[in-house]
Amino acid sequence: MSGEALRSVDLRKTYQSRGAPTVEALKGVSMEVHRGERVALLGRNGAGKTTFLRIASTLLRPTSGSVEIFDIDIAAAPQKARPYIAVVPQEGKPFFHLTPREQIYTYLRARGFARETAKARTEEALDRMGLTGFANQLSVTLSGGQRQRTMVATVIATEAPLLFLDEPTIGMDPFARREVWASLRALTQKGSTILLTTHYLDEAEVLSQRLYIVERGVVLSSGTAEELKRSVGGTLKVLIPDGASQAERFRSFGTCVTDGLSLTVVVSPNALGEVMGLVTRSGMTATVGPVTLEEAFLRAVGRSINED
Amino acid sequence: MRTDGTAFAASRPFAGTAAFLWTEILVQSNERMAMVTSMVVPGVILVFVEILDPSLIGVALIGAILFSTFTMGQRVLNEAAYLRIDHKANELYLAGPLTPEAYFVGMSVGIMVVYVAPTVFLSVLAVLIVPLTLSTGLLLLALAAAVWLSAASIGYIFSTFFRDNRAIWAYSSLFFNIFGVLAPVFYPLGLFPEPLRPIVLLMPPSAAAALAQSAIGVTTLAPWQAVLAVAGLGVETIGLFVLAIRWARRTVRGE
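Sequence lines, in order, name chains A and B. Residue 303 in my numbering sits at position 302 of the first sequence, with consecutive numbering throughout. Residue 93 in my numbering sits at position 110 of the second sequence, with consecutive numbering throughout.
Warning: the hint list may mix true and false statements.
Stated by the list, open to error - Using C-beta positions, here's what the derived DEER-type ranges look like:
| no. | chain 1 | residue 1 | chain 2 | residue 2 | range |
| --- | --- | --- | --- | --- | --- |
| 1 | A | T133 | B | A1 | 42 to 50 Å |
| 2 | A | Y201 | B | N148 | 28 to 36 Å |
| 3 | B | N148 | A | G146 | 19 to 27 Å |
| 4 | B | R15 | A | D74 | 42 to 50 Å |
| 5 | A | K120 | B | R229 | 33 to 41 Å |
The set of hints was computed from the structure by calculation and includes no laboratory data. For every residue, glycine included, the Cβ atom is placed at its ideal position computed from N, Cα and C.
With the rest of the complex left out, here is chain B (with noise of 0.2 Å):
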């Protein structure tokens, strides 16, 4: 029998996943405000440190850029809940053969877009102001991308959970600044109080920050510290993509 001339197989896991995260691109791109608004705490915040405490303002610069990562989250977490409470967009596409997997992946990476501006623009003040190695950037770069994608799994999950789009501003944003500004991810964790360092060490953005404040000599972890760090954000980041991936097939059907 012939299908609608499609050429996904029905078991082909991530089918779909680039057209998607076209049509996600498209979509934050003529956004334009959104670049703006994916710019405002971190820009603040680097004003507040400047004023307050210049010498802490390459700490902050690296926060910055991790806090960005982190906050695609909330708006992967916006984004989705908004589709599909509000435009259904969920039953339009999963309803037919682009995979569930291929929804969250796509959605996921095309809201990168309206951050990429603001995280060159980080990232090249961080080089001129921190100032970042090769070896440092790279492996802020990983940090960001383990950041990134924990968030958007949370996001993405937490999304599925919520029937109406004003609850969710309140518990994403306080979610977010939680996680990414009280925590030390702006500030040096030798600032945050010594008992309560492990919990934040297991916190995503707060782990990168930390290890990456490491990496640039602001923060002195011990080898339990490093290790609790490492291996909490790679078991996270993996984790909650997998449970992601898991959830968002779950959820194609409700219940």
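In isolation and in its complexed conformation, chain A is listed as follows (with noise of 0.2 Å):
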């Protein structure tokens, strides 16, 4: 056994249909997530990432190339991979005619839960993802971010050794968000792995100890988010909101990114001084902060299309 909770090799993905334009979604992705990791693939809409994770999670056939799940080849064996996962689905949302509480026993039950073990996590789950107050009305009476929380609590009550979480905590609320980022990482602890998708950097940085940044179904770059941060060139970007027509001057400090009338450079601590003093001298203003991962995800993204 390799100890790698998922390994996949040269996978791709051709959709064809009818009346519709070929469409490469997957172009020869190969990843490795290790048991007990947090990982996020990162991307833009239509990157491939629910792609990936819909093919991983043993719901849509490849074109070609492997993905295994603890060893099991998912092409050859997915019934055998399924009891070792579970899936939130992207835009999914719980039975409206359940309530939270009925929604997580009952997923829990038809998964083989014993009734006591199932009572359980059930109450643990709702507590941890704030549910409590909403556990008895029916789901259709909820908030958009509420049902969001329902689906990903049931996904967690399981403690499933591998976890696929597409988009987990889109339309939820600061506060819901870090009760998922909290429980994702005690599950984490608890020996589960987890491949998630999200738009929220933060919460990629946040949550994640590897990140796959994908594009066009081809990964990009991976790495921690430290990695991809240094990959910019620099740990910190300089704003010069007036500063586009100036970028010239400023390109022997590092990397230049205009964005209409603004210039963002990214330098080591080492230029920041003389990058200031430059703005001072050139009667502009800046504002210094720390390179965050959404620079190298542009960076990276960025880069690829304009290579294009």
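Reassemble the complex: the two chains are provided individually, in unrelated frames, and hints are given to aid placement.
Right, dumping it as structure tokens:
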């Protein structure tokens, strides 16, 4: 046994349907997720994240390539892999005519949990996700965020060895998102592995131990958030609101990105004094902050788009 | 390696059927208006028959029972498609140890819950008005079960072809009304054009209705017609159920 929770090799998926153009959603994605890890897939809409998750969770056939879950080849034996996984589907909703308590409990029972275990885990999940106050209301009466919390609670309660979460915190308020993050961290401490997609880069950075940036079916880069940020070329960003026209003067200090009238210069701490001096001499103002994952993401994806 | 604590072995067929059935029963019983809507069409037709030709009310009552069981297939179609398209419930449940056949069977049986009260009501009326004996009652029960199983199988299979719920309403209404209302289910087979009778004897609801009508003495079936109806209903019920199970397994993974 390799020890990997998930391993994909040269995974490809091409969608072909009558009357629609052929779409190559995945063009040879290889990745590994170690046991007990939290890994995020980042990418723009249509990058291939959900396709990857659907294949890995045994819900979609790949065109070629392989995925193994705990050494089980999911193309050959999907039914063997399924007891080890649980999925929060993108835009999934709980049964509208069940309460959150009923939803979680019956889902656990449908997965084969004994009554007492299912009851205990249901109460724990409701409590963890802040759903106790709504636990006996039909889901049709809940807000979008509360329904999403119910979906996440349903899956978290399984404590499955490998969880796939497709945009798990979409529509949630900042407090609820943090409750989800805490629950997911607790799960990996118990031994579960998590692969998630998200458009919230702060979430990816705070929650994930490693990230894969995917664009147009290809993995552009991977690593920890720190590694990805370092790849931008510095750890600080200087934002000059009216600096776009002066970009050439700053180029020798680091990476320059213009956005409308503004200029962002990514620099190392050593170069910061010189850059700020030039800003002052030029009669401009600037704000300084740390480089975030957003810069790393935009740089990786932006470079890929420019290369095309 | 531990799983998530589930007792299900990966290869155990129908694993989780009872639990998913309970889920569906809870869902259906929380949707009380469904019980009313399940009675609307047969109720209206019974009223029409009572006004137009009261002598046919017994046949129409038996037809109403069989039609109700047939429309459970329509509800399976709508429910399966709705849960897949709008809720992604199939992804939640099937990317896990619950088997696809358990998902299909649990849903199909669970949906019966909204039909229990109307069917009992219709059955009591049938016992009083037709009147049903023990043997004809048991025959009707068996026929209704066959119609339910074939209709639920058709409903589940069809549900996998749709990507839009609104498209389903038109097709399912058309399909179930043609085979359940236009065909001789509420009225005697003898009133249906003779050249077309072999065709309706091959359709589950009208075949079951013809056999039930024959049992209560309203319709006389030629031996070949009885054989055709029994054989057709039997083969279709078993064949469609097996096909639905295989289809459920096959469609867990999209293409």
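Here is how each hint holds up against the structure:
For the pair T133 of chain A and A1 of chain B, the supplied restraint of 42 to 50 Å is violated, since their beta-carbon distance comes to about 28 Å. Remark: the range hint 28 to 36 Å for Y201 of chain A to N148 of chain B is upheld by a beta-carbon distance near 30 Å. Between N148 of chain B and G146 of chain A the CB atoms are about 24 Å apart, so this pair conforms to the stated range of 19 to 27 Å. Taking 42 to 50 Å as the suggested C-beta distance range, the pair R15 of chain B and D74 of chain A conforms, at roughly 47 Å.
Checked against the given bound of 33 to 41 Å, the beta carbons of K120 of chain A and R229 of chain B, roughly 35 Å apart, stay inside it.
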